[in-house]
Each structure stands twice: as structure tokens, then as C-alpha cells.
Amino acid sequence: MDLNITWFLLVFVLLGGYAILDGFDLGVGVLHLFAGDEFERRVHLNAIGPVWDGNEVWLLTGGGALFAAFPVVYATVFSGFYLALMLLLMALICRAVGIEFRGKVESLRWKRFWDMVFGISSLVAALLLGVAFGNILRGIPLDEQQNYAGTFFTLLNPLALLIGILSVALFTLHGALYLVMKSEGDLHERLRKWVPGLWVAVVALYAAATATTFFVSPFLFTGLLNQPLFWVFLLLVTWGMLSIPVASAANRGGLAFIGSSSLIGGIMGLSAVSLFPRLVPALGNLANSLDIRNAASTPRTLKVMLIIALIGMPLVIIYTAYIYRAFKGKVKLGHESY
Amino acid sequence: MDPVILSRIQFALTIGFHFLFPPLTIGLAWLLVVIEYIGWRRDQEVWRQAGRLFAKVLALTFAVGVATGIVMEFQFGTNWSRYSKFVGDIFGAPLAAEGVLTFFLESGFLGLYLFGRNRVSKGMHWFSILMVAVGATLSAFWILVANSWQQTPAGFVVQNGRAELASFYDAVFNASMWVRFLHTVTAAIVCGAFFLAGLSAYLLRKNAEDRMARRTLTLAVVVGLIFSILVAFPTGHDHAKQVARTQPEKFAAIEGLYTSQKAAPLVMFAYPLTKPPELKAKFEIKGLLSWMAFGDVNAHIPGIDQFPADEIPPLWLTFVSFHNMVLLGSLFIVIMAWAVIQRIREKIWTSRRFLLVLIWAIPFPLAACQLGWITAEVGRQPWIVYKLMKTADAVSVTVPAGQILFSIILFVVVYSALGSLYIYLLVRKMGHADQERLSSAVGQIA
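Residue numbers (my numbering), protein chains in the order written: chain A, 41 to 378; chain B, 286 to 731.
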């Protein structure tokens, strides 16, 4: 298979993996703002405690893979999105230390402060990730030298903001389903009540975002129906959408979480199929777009990187699965908990 | 303001702050590998206690390291986009490899180590801290591969307006990679050993009979002495020899050799002036530099006067940072040697003053790491990739200076808060260590 296409897929696998995995712990962060009591907050933190850090590595590795495989995309997008990205980095920093610092001092004010830091930074991170992704789908202004030709305010357009809100809703739903799966008793029942409302919001926002994208970025939709993968991902999205309320009503927590995971994976897949072979469409002049050829590294580098990925990623998946298995089941608060 | 200067300030600030934590993590993780191993194999509660306590210190350190490390993964793109485009074909690969091969390993197993004590077997639990240590060390390997390539680039050709990979093997195993890796990792273990020694000393000052702290102090000073020697010789010495061969401008700058000469002297102490470059109050040993670098007291070493004016690094900063690093390194050997002697004489437990020295010594290996890093990076200037691309040509074209200034202010505010909180929580954790050991022992029984 063509190396450039393989790397296009791998970058989206990493970003999709990130969206599914860090998605639920970002969502838990958003829900943390609405937690009822200290017990619930501790369940939140301990549900994601052993895994959130590993989840975030998917973003780091996605960034590294982008640098190695498509350096022009890495350079152009990150420098173009400078302020937005700096805010995202701040949010991710605050979030990481918020989780870690919170339990270190037995003081209510201290804990409430870090609860707010953790919650708000999770919300901001989810929003900014969505806004950034929305801008890629809309296309960004690029000149002939493949440099960003817009400003910070170019990024604040209706489509991107809509997708930002969608990503907040989607991650919150995903996080709620994760917590439902990890909790029991009263808390479990209380968390389940979040699901229907969030689900309706996600469906509505997703429909609105798709319709808006159709008008703003019609190029994403050309020839889509002839792509077999489009149908696969559409099926995933549909199945995910429908299975969440059904599984949730039947109190099948694991199944509902798989539903929201395939919904997120499907959305990332649909985006990839629509963008292909472009990685970053150029707003207004598609000829300046960054694609899998003009933004890529040399075949030698892509090949070396592919070998590294083929050695590394199966191992990552094996031990990540092992670690999730070690922590499977309901959260039990103990001495080592947060 | 000039975006080049601003981006350099931001990079120095973010990498400098970040680089306080990985050495502690690497050092402490390896020490915990030993501590947990003894606790597991010899089934000794006192070692398990040490494992539980210092695991929490590791968690705190790791969290700040991760939080500040995220920035580094993205900053080449945000602030150095022309650099990223020019060298992405080579430089991106080690960063991606670091992610795939090491970040997952260390963060995944750290979760298992910290939260899984009662969920997995004892052997698996030990294996998880081993994987954290291995992952952190391999992570240092890959990032130092990337940095070494900037210092001594190899395995590439310039074509199509960029540096393209010609041989991955040559690019990875470039001239400075191994010595830099070994020097940095031994330095990290020195940091970890001083950290553990200082924290144990803190506990011993509160209670000289503390059995756990006695054991961890012993471990720390033995490891500390061995690695304080190793970081100077052979690794530091070999690193300097490599610089003399591959980056003569840097070598002349850090050694204060401003005129080319045979039988070059080793400057032990001096105060450097900048205009014109000159060393005041100099104490030097004739021929020693030539002998140390090239094994011949009469070897000719090129001085600063031999290089074009626009290709020499800042002289004052490189000289001062290098010499202070060496001074600190020598001091570490003295402190740790004295600690080992006092330990053998069983006097260390009650010499409160020396225990206080060990506590206050904690930041100094970190300072030495910073100074070494400044030596390496400032010494490479004006190049971002030695002889291939200048730093001034590497910055992003599209980022306005005002935005960089804004992000610098953000970093200063957030990092100051982070640093203060880290120290506050660390001190607090150690202050509550006794009480916590009691409650965790109860927790174990229950």
C-alpha cells in the first residue's frame, strides 16, 4: 500500500484513538463541574486516575507522527493556530496538575479550587479541540508558500464554533457513559439521568454541524457515496447513535460506552474519508491545500516510521488493553485512591 | 520586539522548566526499581513503606513533567515552523518514535504502578515500575537523538529545499548521540540520588531512628557517589572530547580559549569579560586542555580567533555555565564521598548539620543539569542545526511578536505557580510522611 496513504490513515488512527480515549476523561472533567458531592468527585477522579495520562499520550504521539510524516501540516497548522494552541496547552497543563494536586491537601477550599481548575480546563480543552477540528473541515486560508494567511479571529467562525460545542457535548456524553459503567448505587442512577439529554444534544448538534458543513465545505462531500469506507463509517456512526439510548435504557453500561466509542470513531473516520487526500483544505482556493503528497516527508522517512509504528503500536495496544483490564469493574475507593 | 528573540526566550523558559522534572523522574524511577525489588524479593515491610512513600513523590514529579512536556511536543510547530518544515523529514522521526515507543510505556505502567498495588501480582507490580524507568530512559534516548542531530547532524542530504533523510541509522547514531545520552542519563541518576538522599535526610532529622529513612539514605548515597563519579568520568570527559572534535567553536567558547595555540591551558577559574573577549583573574594549567582533549600536551587547539565572527557562540554565557557545571559536579563527588564515609562510620544518622547539607543539596544537581543544557544549546548558536540552519532563519513566519509575548507571560505565570505548588506539596508530603506511613500500614492490614 502507498506509504503516504498509510500515514494519512495512521495519523487519523492516532487522532481517533485520542478522541475516543481522552474524550471520555475530558467528558468526566466537564461532568466534574456538576458533581453532587465529595464521594462523586472522588469516583470521577479515580475512574480516570490510572488511565488519563496514557490517554493523553495519543495526542502527543499524534503530534509527533504529524511532525514526522507531514511536517508541513505540523508547521503550518500549529504556527497558524498559535494562540488557540497555546490556550489548549495551558488547559492541558492545568488539567494534568489539577488531577494530581487536588487530593494532596485535606482542605475543602483547596479541593474545590482544583475541582474548578480540572473541570474548566477539561471543558476548554474539549471546546478548543473541536474548534480546531472544525477549522480543518472548513479549510483555513493558505498562501502559495503553504503558510497560514489568516488571523486568530479567522478561527472563530460559526462552523468551527458549532463543531466546538458538538465536541463538548459528545465528550460529555462519552464521559457520562464511562462513569455510568464505573459507578454503582445511587451515583450510578444519578449519572444515568445525564445520558438522554446529552444524547439529544449530540444528535441535534451533529445534524446541524453536518448540514452546515455541507454548505460551507461542499468539497468534502464530492464523490463520497462511491467510497466503500464512507459506508462503513456511516454505519458505525448510525449504530453508535442508535445503540446508546437503547443500551442505556437496558442498563447495559459497557455496550452503551462501546456505542459512544464507535460514534466518535465513526465521526473521525467520516472526516478522514471526506478530507482525503487533503489534510488541510485551503479556504477559498483548494489548489493551495496541504495534501498527502505536497505536505509529506520522503518515502524513506515514511518507511522508517512505518516500521517503528508496526513494532510499537501492537505492543502499545497489548499493554494498554492489559492495564484497562487490571482496572476493569466499578471504582472502589481505597488507600491509594486520589 | 523581535520574534526570533521572543521565541528563543519562550523556548529556553519552557524547556528549562520542563527539564527540572524528567531527570528527577528518571533517577527516582530507577531508585524505586531497586527499592521495590528489595521489598518484594526480601519481603521486607520497611522497603515496601519506602516504595509507597516515594512512589507518591514520583507521581507528583511525573505529573508536572508530563504537563510541561506536552508543550515541547508542539512548540517546534508553533514557534519554529520554518525549522519544522526544513528538518521535519529527519527531526520528526525521533519525536514520533519517542511517543510510540516510550510515552505510552511510561504513562501506562505508571498508572498500573500507582493504582495497581493491590490489583496485580507483586511481580507484575515491580515490573510496572521497571517499565516506567525503562520508558523514561528510552524517552531521554529519543529526545537526545533529536537534540544530538541538531548538534552533529548526519545521515541527510539537502535537496528540494529541505534536509532529507539519507540514512536513518547515521542520523540516529550521529557523532554526539551516545556520549550525550550517557552523560545525561547518569546526570539524571545523580539528580534522583540527591533527591532521595535529601528527602531521607529530612526524615532522619525528625527521627534519627527512622529505619526506613536509614535504608533509603544508604541506597541514595551509594548510588549518588557512583554516579557522581560516572557523570564526570568517563561520560563528561568523553562528551568534552567529542565537542572538541566535532564542534570546535563551542569547545573554544566553553573552555575560554580565545586564541589558537599549541599546549592549550585548562582554565580552572576566571572571570570572563566580553568586549573584547578576555579572561580576568585567570588560574590555568598549561597544556592540560590539549592533553585532556587530544591526549597530547602539545596538541594545537583552534581558539575563537580562528572562526568567522558570525559563527561563534555567546562567549560569556557558555564559559560561565560550563565552568559552574564542572564546579558543581566536583562538589557532588565530595558530598557523596563524605556521606558514604559517614555512613560507614555510622555517624551520618546523627550529624544533623550534614543531613541539613543533604537537604539543601537537592536543587544543585538540577542546577548543574540546567547549566549543562545551557552549555550545549547556547554553545551551538548561532546554529539551530550546526552548520546547516541558523536559529534566526528557523522561526515561524506567521506568528506576530505580540502573540509570542502573550504566551511567554502565560507560561511565566502558570509555571511560577506550578513550581511553587510542586515545592509546597513536596514539603508537605514529607512533613506528613510519618502519619501517612502509620495510616497506610493500617490500610494494608485492613
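Do not take every clue at face value.
To spell it out: a stretch of chain A is covered by chain B in this simulated footprint if at least three of its residues, at any positions, have a beta carbon under 8 angstroms from a beta carbon of chain B; those stretches are [as the list claims (entries may be wrong)]:
#1 155-161
#2 172-181
#3 275-282
Sample of chain A residues facing chain B (criterion: CB under 10 angstroms; computed from the structure) [what the hints assert, rightly or not]:
#4 Arg82
#5 Asn86
#6 Glu96
#7 Leu100
#8 Ala108
#9 Ala109
#10 Val112
#11 Met126
#12 Tyr188
#13 Thr191
#14 Gly237
#15 Val240
#16 Val243
#17 Tyr246
Simulated crosslink set (DSBU-like; lysine-lysine; CA at most 30 angstroms straight-line) [what the hints assert, rightly or not]:
#18 A/Lys372 / B/Lys632
#19 A/Lys151 / B/Lys341
#20 B/Lys632 / A/Lys370
#21 A/Lys368 / B/Lys407
#22 B/Lys491 / B/Lys675
Just so you know, the hints here were simulated from the structure itself, not pulled from any lab data.
This one's a predicted model, so the numbers in the text were calculated from it and none came from an experiment.
The C-beta atom is built at its ideal place from N, Cα and C for all residues, glycine as well.
*Quick check: which numbered hints come out false for this structure?*
1, 2, 3, 4, 14, 15, 16, 17, 18, 20, 22
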